[in-house]
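Generate the whole structure from the sequences, applying the supplied hints.
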Amino acid sequence: MSAQKSPPGIAGGWQRGGAQAVRRRLVERSVSVLCNVATAIVLFLLFSILWTLVTRGAAGLSLATFVHSTRAPGSGGGLANAIIGSCEQTGLAALIGTPVGMMTGIYLSEFGQDGRIVQLVRFVSDMLLSVPSILVGLFIYLIVVEPAGHFSGMAGTLSLAVLFIPIVVRTTEDMLRLVPRAMREAAYALGAPGWRVILSVCLRAARGGIMTGILLALARISGETAPLLFTSLGNLNWSTSLNAPMASLPVTIYQYAGSAYDDWVQMAWTGALLITVAVLATNILARWWLTRNGSAQQ
Amino acid sequence: MMECPSPITAHGRSVSDRNAHARSGDILFGMIARLAGWFILLIMAGIILVLVWGGRQAFLAFGPGFMTSTAWNPISHHFGAATSIFGTLVTTGLALLFAIPFAFGVAFWLVEMAPLALARFIETAVQLLAAVPSIIFGMWGFFIVVPFMAHYVEPLATHYLGHVPGLGLLFRGAPYGTGLLTGGIILAIMVTPFICSVMTDVFVSIPAVLKESAFGLGATRWEVMRQVVLPWSRQAVMGGIMLGTGRALGETMAVTFVIGNSNHLGWSLFAPGNTIASLIALEFPESAAGSLKLSALLALGAILMVISFITLACSRIFLQRGKMN
Numbered sequence: 003m004s005a006q007k008s009p010p011g012i013a014g015g016w017q018r019g020g021a022q023a024v025r026r027r028l029v030e031r032s033v034s035v036l037c038n039v040a041t042a043i044v045l046f047l048l049f050s051i052l053w054t055l056v057t058r059g060a061a062g063l064s065l066a067t068f069v070h071s072t073r074a075p076g077s078g079g080g081l082a083n084a085i086i087g088s089c090e091q092t093g094l095a096a097l098i099g100t101p102v103g104m105m106t107g108i109y110l111s112e113f114g115q116d117g118r119i120v121q122l123v124r125f126v127s128d129m130l131l132s133v134p135s136i137l138v139g140l141f142i143y144l145i146v147v148e149p150a151g152h153f154s155g156m157a158g159t160l161s162l163a164v165l166f167i168p169i170v171v172r173t174t175e176d177m178l179r180l181v182p183r184a185m186r187e188a189a190y191a192l193g194a195p196g197w198r199v200i201l202s203v204c205l206r207a208a209r210g211g212i213m214t215g216i217l218l219a220l221a222r223i224s225g226e227t228a229p230l231l232f233t234s235l236g237n238l239n240w241s242t243s244l245n246a247p248m249a250s251l252p253v254t255i256y257q258y259a260g261s262a263y264d265d266w267v268q269m270a271w272t273g274a275l276l277i278t279v280a281v282l283a284t285n286i287l288a289r290w291w292l293t294r295n296g297s298a299q300q
Numbered sequence: 431m432m433e434c435p436s437p438i439t440a441h442g443r444s445v446s447d448r449n450a451h452a453r454s455g456d457i458l459f460g461m462i463a464r465l466a467g468w469f470i471l472l473i474m475a476g477i478i479l480v481l482v483w484g485g486r487q488a489f490l491a492f493g494p495g496f497m498t499s500t501a502w503n504p505i506s507h508h509f510g511a512a513t514s515i516f517g518t519l520v521t522t523g524l525a526l527l528f529a530i531p532f533a534f535g536v537a538f539w540l541v542e543m544a545p546l547a548l549a550r551f552i553e554t555a556v557q558l559l560a561a562v563p564s565i566i567f568g569m570w571g572f573f574i575v576v577p578f579m580a581h582y583v584e585p586l587a588t589h590y591l592g593h594v595p596g597l598g599l600l601f602r603g604a605p606y607g608t609g610l611l612t613g614g615i616i617l618a619i620m621v622t623p624f625i626c627s628v629m630t631d632v633f634v635s636i637p638a639v640l641k642e643s644a645f646g647l648g649a650t651r652w653e654v655m656r657q658v659v660l661p662w663s664r665q666a667v668m669g670g671i672m673l674g675t676g677r678a679l680g681e682t683m684a685v686t687f688v689i690g691n692s693n694h695l696g697w698s699l700f701a702p703g704n705t706i707a708s709l710i711a712l713e714f715p716e717s718a719a720g721s722l723k724l725s726a727l728l729a730l731g732a733i734l735m736v737i738s739f740i741t742l743a744c745s746r747i748f749l750q751r752g753k754m755n
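These protein sequences, in sequence, are chains U and X.
All letters in the first sequence, in the order written, are residues 3 to 300 by our numbering.
All letters in the second sequence, in the order written, are residues 431 to 755 by our numbering.
Think of the hints as simulated: they come from the structure by calculation, not from any bench.
Keep in mind that a hint or two might mislead.
[What the hints assert, rightly or not] Which residues of chain U face chain X? A few of them, derived with a C-beta cut under 8 Å, are:
no. : residue
1   : THR41
2   : ILE51
3   : ASP176
All figures in this text were calculated on a predicted structure; none of them were measured in a lab.
Idealized CB from N, CA, C, for every residue including glycine.
Set out below in structure tokens:
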């Protein structure tokens, strides 16, 4: 390993002292400064985004935001239909995606005897985790929207479910792998069949981690816009039917932010604030939960 | 299990009954699990097939020239992929150019310099940056970064760098604020947390004895990083960078807001352009079913799929090897 060759050179430089030592100290100093600056800039950007959202978004927050649906520019209105639409689509996507994702995660961690197929499924599920989300939108458009002849909330739900599944697969597999071998052996020794061991012992032990994964996945899909553009399209009216175009917060933000009306742009900022607060709160909650559960297990 | 305390004390018949029951349960459970696994394969195959099949009309009509043509003319039905592929590659390249040093700086700071309590807080903050929905980056970019670029960065860059021979070509043009450079900057902010968290993980996982022996010889933190940590973790770092590249390639909403959306191919980084994803997002709603334009967009989708597939496969190979070391 090249790492083991380097120390003599370093030591030589240190012993010689003089100009070499000054140069080394200078490099060390400037790298430290640069790293501090880099960290400060990244943090500054994060807080700039949050600050912009809070200052611009809070101005439009009112009761009307939550009880009225979107209206024509200049006539007030709120985001109620978009909020309901987002909740409905992400919630249903989670309902569809959780069992499929968990079963696949179980398959990957417990069915090692399938060898190559397990490896292929793991590889493909990793790919699916980072497939550009707009391509998922195109896919659902072509297999659901085009045959049906109209955009629908169901199509939006399905596209979100496709994005949801691989995240759950990954966390389920990772968490099941953490379940101690002795625990499984104890359950088998009591005469429990394999499926009982997996469902009642392993899944139970991995419960906290898997729940965290599901929360993080929810947070991720609730901000997705691109796949919804071609599937649920958005709707300016009250929309709860899965069989019709359905409003959602991200798509409403996309449509309103680019519009020429001040009150629509204001509404977009308010929507952006709501969705970011929801996503970040879910993330913080999930991470806090994971560290608490993780430390409890050890 | 409650009805008999132990298989040995129970009657032979009930033991075999229970065994049969357990076996059928196992078989059923195995079938469901396999079905779920195959379902994932089916989705992936479906995405690839649908894009390639949907794009066949465009591939057939334009042949290999589709990749090199810069046309995008819905009226004369001439479509080409070159401009959007160019935009995708340039913005992704710029994003990496900005993101890698920042990600490295933050990771190095977190691992080697930060006080422990602060490090955890800042690590969480950087990870939260990755969780912010991309549409928010788009909006923030559109309302904050674009005016900033138009008023300060681009006029200054044109003034000072525009006359440098060669390099100056990159920094000429009207300061719209939108354009390839702004797109690259927004993408860089979005992918920095991904690259940073992979780097932090590998830097932490290096065996302490390697670092300690170098420190023991009097090496500075930077020398330990350059000559011990980086060579040791090169592959995993490459994997993390690839992961960020995959993100940047397919990012849609943030780019659509700030790229300017014009089908233009040129040297200037300030000129509006487009990427595959932004072109699809903007043009798809206006494409009639069965039209050549729709087919061209799907063909672009297939190309994007291939590009991101290669990147992600690379990242997986790198990260896998990094893990094994």
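Residue hint U:ASP176, partner chain X, criterion CB-CB below 8 Å: With a minimum Cβ separation of about 13 Å from chain X (threshold 8 Å), the hint on U:ASP176 is violated.
Chain X contact restraint for U:ILE51 - C-beta distance below 8 Å: 5 Å, holds
Per-residue hint verdict: U:THR41, partner chain X, C-beta under 8 Å: 5 Å, holds
Violated hints amount to a single one, hint 3; each of the other numbered hints is respected by the structure.
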